[in-house]
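> Here's the letter readout for the chains.
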Amino acid sequence: MKPKASSRATITMMAAAVAVLSVWSHPASAQVAGQWKDPNHVYAKICSNCHDIGVGPVIKGRNLDPDYYFQVVRHGMRAMPAFRPTDVDDAMLHRLAETLSKSAPPGGPK
Amino acid sequence: MSSKYIALPKGVSEKSFDAAIKEYRAVLGEANVFTDSEHLASYSKIMIPDITENHTPSAAICPASVEEVQACVAICNKYKVPVWPISTGRNLGYGSAAPCSRGQVVMDLRRMNKIIEVDAELGTALVEPGVTFQQLYDYLQEHKIPLWLSCPAPSAIAGPLGNAVDRGVGYTPYGEHFMFSCGMEVVMPTGEVLKTGMGSLPNSNTAQVFKWGYGPYLDGIFTQSNYGIVTKMGFWLMPAPPAFKPYVIRYPEETDIVDIVETLRPLRMAMIIPNAVVIVHALWELGSFLKRSEHYPGTGTIPDSVVKDLVKKHKVGMWNVYCGLYGSPEQNEVNWNIIQNVVKASGKGELLTAEQVGDDPVFKYRADLMQGKMNTAEFGLYNWRGGGGSAWFAPVSQARGSETLKQMDMAKRILGKYGFDYVSEFIVGWRDMHHIVDLLYDRTDPAQLEAARACFDELLTEFSKAGYGTYRVNTAFMDKVADTYGPVKREINRKIKRALDPNGIIAPGKSGIWN
Numbered sequence: 001m002k003p004k005a006s007s008r009a010t011i012t013m014m015a016a017a018v019a020v021l022s023v024w025s026h027p028a029s030a031q032v033a034g035q036w037k038d039p040n041h042v043y044a045k046i047c048s049n050c051h052d053i054g055v056g057p058v059i060k061g062r063n064l065d066p067d068y069y070f071q072v073v074r075h076g077m078r079a080m081p082a083f084r085p086t087d088v089d090d091a092m093l094h095r096l097a098e099t100l101s102k103s104a105p106p107g108g109p110k
Numbered sequence: 111m112s113s114k115y116i117a118l119p120k121g122v123s124e125k126s127f128d129a130a131i132k133e134y135r136a137v138l139g140e141a142n143v144f145t146d147s148e149h150l151a152s153y154s155k156i157m158i159p160d161i162t163e164n165h166t167p168s169a170a171i172c173p174a175s176v177e178e179v180q181a182c183v184a185i186c187n188k189y190k191v192p193v194w195p196i197s198t199g200r201n202l203g204y205g206s207a208a209p210c211s212r213g214q215v216v217m218d219l220r221r222m223n224k225i226i227e228v229d230a231e232l233g234t235a236l237v238e239p240g241v242t243f244q245q246l247y248d249y250l251q252e253h254k255i256p257l258w259l260s261c262p263a264p265s266a267i268a269g270p271l272g273n274a275v276d277r278g279v280g281y282t283p284y285g286e287h288f289m290f291s292c293g294m295e296v297v298m299p300t301g302e303v304l305k306t307g308m309g310s311l312p313n314s315n316t317a318q319v320f321k322w323g324y325g326p327y328l329d330g331i332f333t334q335s336n337y338g339i340v341t342k343m344g345f346w347l348m349p350a351p352p353a354f355k356p357y358v359i360r361y362p363e364e365t366d367i368v369d370i371v372e373t374l375r376p377l378r379m380a381m382i383i384p385n386a387v388v389i390v391h392a393l394w395e396l397g398s399f400l401k402r403s404e405h406y407p408g409t410g411t412i413p414d415s416v417v418k419d420l421v422k423k424h425k426v427g428m429w430n431v432y433c434g435l436y437g438s439p440e441q442n443e444v445n446w447n448i449i450q451n452v453v454k455a456s457g458k459g460e461l462l463t464a465e466q467v468g469d470d471p472v473f474k475y476r477a478d479l480m481q482g483k484m485n486t487a488e489f490g491l492y493n494w495r496g497g498g499g500s501a502w503f504a505p506v507s508q509a510r511g512s513e514t515l516k517q518m519d520m521a522k523r524i525l526g527k528y529g530f531d532y533v534s535e536f537i538v539g540w541r542d543m544h545h546i547v548d549l550l551y552d553r554t555d556p557a558q559l560e561a562a563r564a565c566f567d568e569l570l571t572e573f574s575k576a577g578y579g580t581y582r583v584n585t586a587f588m589d590k591v592a593d594t595y596g597p598v599k600r601e602i603n604r605k606i607k608r609a610l611d612p613n614g615i616i617a618p619g620k621s622g623i624w625n
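Taken in order, these protein sequences are the chains called A and B. The numbers in this note's numbering rise by one with no breaks, and the one at position 50 of the first sequence is 50. The numbers in this note's numbering rise by one with no breaks, and the one at position 25 of the second sequence is 135.
Since the hints were made in silico from the structure, they are not lab data. All values derive from a computational prediction rather than experimental measurement. Each residue gets a CB set at the ideal place from its N, CA and C atoms; glycine is no exception. Careful: at least some of the hints might be erroneous.
Unchecked claim - Chain B is faced by these chain A residues, among others (derived, beta-carbon under 10 Å):
(1) GLY34
(2) PRO39
(3) MET77
(4) PRO105
Produce the complete structure using the sequences and hints provided.
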């Protein structure tokens, strides 16, 4: 029977003092469904990679319906990959969609 | 026949599947088992040249621990339900998160996203499948640990475990990702948990520092295969060098590829160029920030003359070689002088540093990739043709100029026959090159989808006939590629599969391996 990951990591950390960092429970770099801090965290770590550099279209300040955002994220669109409920769950995706729907255009309202 | 499921696993009745789903839900909870079309849409989206219906899953199950993976595997064995494990599911031009055949259940390991440990002194990490490069990068940054990642181009949303298990590559001196992995934990089809290498030894603390262990080295059989579900993987991370100097060498002619390879190979083999250099064709360079339709109105292959004009207009090379120097400033200075002299002596190529290039977004993203920084700028390539179709054609070549020229000519001829563009790069290993062609097509146009499928098929046929094998392929062509490596290899793969997975429940068809 294999030892539990948590106890193994703890033992390793104690044995190696400061050199080894046991990090599995650390929330700061957690980036999966159920672990996002808020919609802005999702946007910063996922959406912005393409939508803030001109690879994907600007999606802030477009007055788009929240449901449209929801559908595009789940289904993908042309080259945009679909994002799964394990990436971002329905509840957080609804919050993200609402936030984007009400957002100002990049650089502030025009 | 109508069913409450959007697809069923092959050979499994709806009644049996009902029972299996009920048991998955008992183990994982209702919220972590999906059978509805709305949620399964995110597991079905593909870019490869095949119809979506051939890759529609019947369900997605999302365990959060090794114990839950084991419990799911037991249920799969009981009901003979095949599962297609994915890590972050971002193998976009190779099949994304969708299974290789209709009806398989996707086992989505994204929730298993623990960074188990990072050893800052030894430069190792142990991670679960759902950890993304971004997550690991952020962790290192937050804790000011001076270690670098090596990542593929879609780094931010992809992950180290899945990429290494599929034998993907990156752009730093640690760019051969599987080579720099060390130790796996694998849930076997029987439910046993295997730790490879030194990990099998109770109380061992060397699992992430010594690869080989004792007896046969098993890690390789769990890559590009379906012999088990990798639930943890160790990696060596590169110590951040005191200085990093990225540079590009631009060449004006397509046929310069011969001289490029002959000039740079000795430097690469001697480790004067330590990283996985890329030799990027103009259409990849330009395609990452231009839209084809704005520069060429035709529907067929973009003519060479138009490409030449674009090269001149945008001041890029017909080939653009991206390399880095990693070391102390003094070491880099010595190697920089060697490189300058070699390029000068070759009589070809314009050598440019970051300072000389200035504010060039393409140079910036290449420099980021060569130091394992996160971005997805390369997705700009998908805007070149538009329409969301992409398939990586990835034959291996010797690092020999005459060979690369021959492969380029073959690829251009076949792509041209179907009206597609030669959007390519060579990623330089120590003695090999991964010749990577992005077959970009408009997936919203059924005629282009069919042409792309036929083109990809012909590329595989013609290249394998010439003795060129592909190192990796999308989920629609795995059987065909398995055949190119001959019947003996295929049969041995099958014998191992039957021995380890008698019910054939793990990813049947992966890499052409069936029971």
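> Kindly indicate which numbered hints from before are broken by the structure, ordering the numbers from low to high.
Of the numbered hints given earlier, those the structure breaks are 2 and 4, listed in rising order.
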